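Number of protein chains: 2
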Amino acid sequence: MKMPSSMYGRIKQYVPMLEWASVYNSNSFTSDAVAAIIVTIMLIPQSLAYALLAGLPAEMGLYASILPLVAYAIFGTSRALAVGPVAVVSLMTAAAIGNLGLTSPSDIALAAVTLAFISGVILIAMGVLRLGFLANFLSHPVIAGFITASGLLIAASQLKHILGVDAHGHTLVELIFSLVDHRDMINPITLGLGASTLAFLFWVRKGLKPALLNMGLAPRTADILAKAGPVGAVVVTTLITFLFDLSSHGVKIVGTVPMGLPPLTTPSFSPALWGQLLMSGVLISLIGFVESVSVASTLAAKKRQRIAPDQELIGLGASNIASAVSGGYPVTGGFARSVVNFDAGAETPAAGAFTAIGIGFAALLLTPLLFFLPKATLAATIIVAVLSLVDFSVLKNAWSYSKVDFAAVFATIVLTLGFGVEAGVSAGVLLSIGLFLYKTSKPHVAEVGLVAGTEHFRNINRHEVETYPNLVTLRVDESLYFANAAFLQDMVYDRIACEQPIRHVVLMCSAVNEIDMSALESLEAINHRLRDLGVKLHLSEVKGPVMDRLKCSHFLNDLTGQVFLSQFDAFQSLKPQQI
Amino acid sequence: MKMPSSMYGRIKQYVPMLEWASVYNSNSFTSDAVAAIIVTIMLIPQSLAYALLAGLPAEMGLYASILPLVAYAIFGTSRALAVGPVAVVSLMTAAAIGNLGLTSPSDIALAAVTLAFISGVILIAMGVLRLGFLANFLSHPVIAGFITASGLLIAASQLKHILGVDAHGHTLVELIFSLVDHRDMINPITLGLGASTLAFLFWVRKGLKPALLNMGLAPRTADILAKAGPVGAVVVTTLITFLFDLSSHGVKIVGTVPMGLPPLTTPSFSPALWGQLLMSGVLISLIGFVESVSVASTLAAKKRQRIAPDQELIGLGASNIASAVSGGYPVTGGFARSVVNFDAGAETPAAGAFTAIGIGFAALLLTPLLFFLPKATLAATIIVAVLSLVDFSVLKNAWSYSKVDFAAVFATIVLTLGFGVEAGVSAGVLLSIGLFLYKTSKPHVAEVGLVAGTEHFRNINRHEVETYPNLVTLRVDESLYFANAAFLQDMVYDRIACEQPIRHVVLMCSAVNEIDMSALESLEAINHRLRDLGVKLHLSEVKGPVMDRLKCSHFLNDLTGQVFLSQFDAFQSLKPQQI
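Residue numbers (the working numbering), protein chains in the order written: chain A, 10 to 588; chain B, 10 to 588.
There is no bait here: all hints are sound.
Pairs of lysine-lysine residues, derived as BS3-like cross-links and limited to a Cα-Cα distance of at most 27 Å, are as follows:
| id | chain 1 | residue 1 | chain 2 | residue 2 |
| --- | --- | --- | --- | --- |
| 1 | A | Lys451 | A | Lys412 |
| 2 | A | Lys448 | B | Lys451 |
| 3 | B | Lys448 | A | Lys451 |
| 4 | B | Lys405 | B | Lys448 |
| 5 | A | Lys560 | B | Lys451 |
Stretches of chain B that chain A covers, calculated by requiring three or more beta carbons in the stretch to come under 8 Å of a beta carbon on chain A:
| id | segment |
| --- | --- |
| 6 | 148-157 |
| 7 | 409-418 |
| 8 | 452-458 |
| 9 | 486-496 |
| 10 | 526-537 |
| 11 | 547-559 |
In short, the hints are calculated from the structure, not lab data. Owing to the predicted nature of the structure, the values given are computational and were not obtained by experimental measurement. Built from N, CA and C at the ideal position, the CB exists for glycine as well.
Given these sequences and hints, build the entire structure.
What follows is the structure, given as structure tokens:
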């Protein structure tokens, strides 16, 4: 039976795999396979470490790196995005589950898969309803501030593993107090192991690649070896811990990680649990989506490709649902990992599927080797990874460019550090929106005059311009809507309350993109008030869509003056006619 | 000791009474006293009825009409506003207290004075912090829809008194179902009394004034007599109920109303109660403030006076605190009552203080006469008063002018009727803001060309204009900020993805009132992408404040093209130079 082509088109739209799979060849296969090997090596320690960060058993990190990658390969649009557990989302997962006050490991695991399921449902719903634009309401500086603060929080939360103490907390203050409280219980062997791993990893990051290049290695090989640093640290510290039996000296180890492929899991459908996790799920979905889309679109642009944000939502949603049914927790596209994937030459999303196979082998075969892996090593891996996210330059840039953006970033950072990730990102979003609304509610208004010898009008306070005492032209630099309708009235009334023999007021509407009903009522009120004072109200440069709208109302019939196509026409007609 | 003049000025700013009291004379006194007598006559039945609507004992309505009026006379700025219990705020009070599930009358009364106190604190805090602009975020159509729906709800809630049944509910559906459930318990005598009062009051409203005018009475006298209609109904129905002992036939009466001046009351300071009432207090304050300011400014404009919105907040806040300490409940400026006060010639806020004296006398002397007053009469008074608030024309106007405004009004009306006042007004506000943000996140963008023979540029799709294939000019009709930064990038990339030999892209910024950091980053990304494609990016008509901001960033250094003062300059410089 032949499928109608439009239906096939729709299926292809929702399953981008059909497109690239039909032209897949052996060249693509080789590139993808090489990239997959490199990403797999990088992902094994990361996935264990991020599960630890999320407060979950290590194997959940592995499980979150298998089926979700396959799901993204089928439904995602980015050719380089490497999906899986990431630092910020793991921290948010820890915060969300921490709120529930659960103690039993099985309840915690159930909450994690449920959270992944909720995120998946939210992402898919947003994708189907084409709500990807909602992510635009997270302003760039707020995201930058949030990521920086999260990086600091994550690093602080991992210090306990380096010190070998049992501290807790979801905010920087709690973490620091908890660490200070436990200062007498620091385990020197753990600290020695953790600190040297940390030092080694920092050196790998900064010094290894140049050293390898000096030794004459090809840049790409040097790069790959440098990325393998964490795996080296894992192997060496595990061996040391095993050989010297450090776990009996208080060094915390990962212990038994179940061997085998991911189990089939069912999320909880308890309305109470959904109610408690829903808001966290929304935030995790939005932050995960924004992080993922920003890296995917950056990488796509390098190859002149485009990603489809609404389909990305479906891809990430499918990943999270795959994670929920296979013992994982919320996932998204990771920044560092995707860059590695791209640099290693991944050509199609198949690279992700091959990575999944690699991690699958690791879960099947390597987990017994992880028994003696010290938690301090994983913590060191996380700290080194997240400190690269910390970048306070956004504060400096925002301060010099815009105090409003600065306020939003500053609040986001302070609230994230002081009250946790959910408070921080919510405050950042609400503050960005609130400040935008506040600005538009008190718009900039310029009185303008004619720049001599042109048909161009500019602010009388900034430029040398022609004006006439009988004619006041006000350019309102904002759409007119309910929040500034009252302001508009006040502003016009204030301007005409003077000794000047004003006969005409022109509202120059070149920057007015919208006049809503509240503003229309204000314009009617202004028109009536000016009529009582013997002053005519005119409009100029009204845009097409705004004019269309005004024609549906009585305003134009009642208007005492005229509507001029250009401000120059208005000026020519209304200036005192000289003899 | 002489007070420093600036300090006296500040005190005067917060106590407007000092200003008008210093020039008060016997003419003003006469005008104010006459107005006060008329308003007192109108206010006695209203205050009793609205207390009933709020689910409170009748005397609380009287108490809310004494000290609050004095407080407003001292701190308010409107010369005509008549403060006291009003319909919508009474309904909101009923909803707020209903949420608490209290049963004991003393707990209910305590919750009411606490709610008044909370509203007072919120209003004063808003006034001191100059947050009056927050009221601007209630769009006109949303308020109109809310008032209409509230009027319907109020009328429906009073039907039980007319029918003599014991129905309950906070939404239209609940009320109707409850009435239908109780249909067998209708008291025919109550219904007869209620229905005839209703008919009489409607006739008074529509037919009495013309009839009196026909009889040769002066218009003002006719007006005053018509306003006294409710008092007449109160007197007559009370007498009938007393003479025919209707209360023993099931006609519900007001019963004992304590005689005497208002008691001193203390609001509760229980954090739990404050927590439960805070949101309601915020909504009551905002709605009360908006209602009050809109009538006050309308009346002030008629006499070429102005009111000071931030000082109004303090006046209304003081009123509510006065209500809280004297056994009242939340108050605000009433529409009908203020118009009567104004028409009756009130010249200063002293009229309000005189009204307070009148109500004080009523509380001292007349309360025993209210014993046999049927609740049905008060219900009829309310129904007639609120049905004048019901005006569905806002739906029609919004539909023809703007679908977005229509959506907000429609949701407000439906949610108010279906889920109660608090849900309705909250949804209206959030929806207005959400829709505004949605619109600005997908701005109108026009490609423009030169209107031949002018220096004026208009949309190529709407006007006959000159263009050149090497030059694309896009006019973005919105401020560039985080919510539309991504849209801007997509839009430019889409436009240049064509066969046309584009060399220059000009962004015409005449309607761009703001470029925030997110948008700046998008502009930088666009600039880089276009540079890679060999296309130059230019800006034209950048406004002063926006340009100042851009100069603080690196963008202007990196820009491949130029910034032109006018679009005409840009067009002249960039068009292909003909030989």
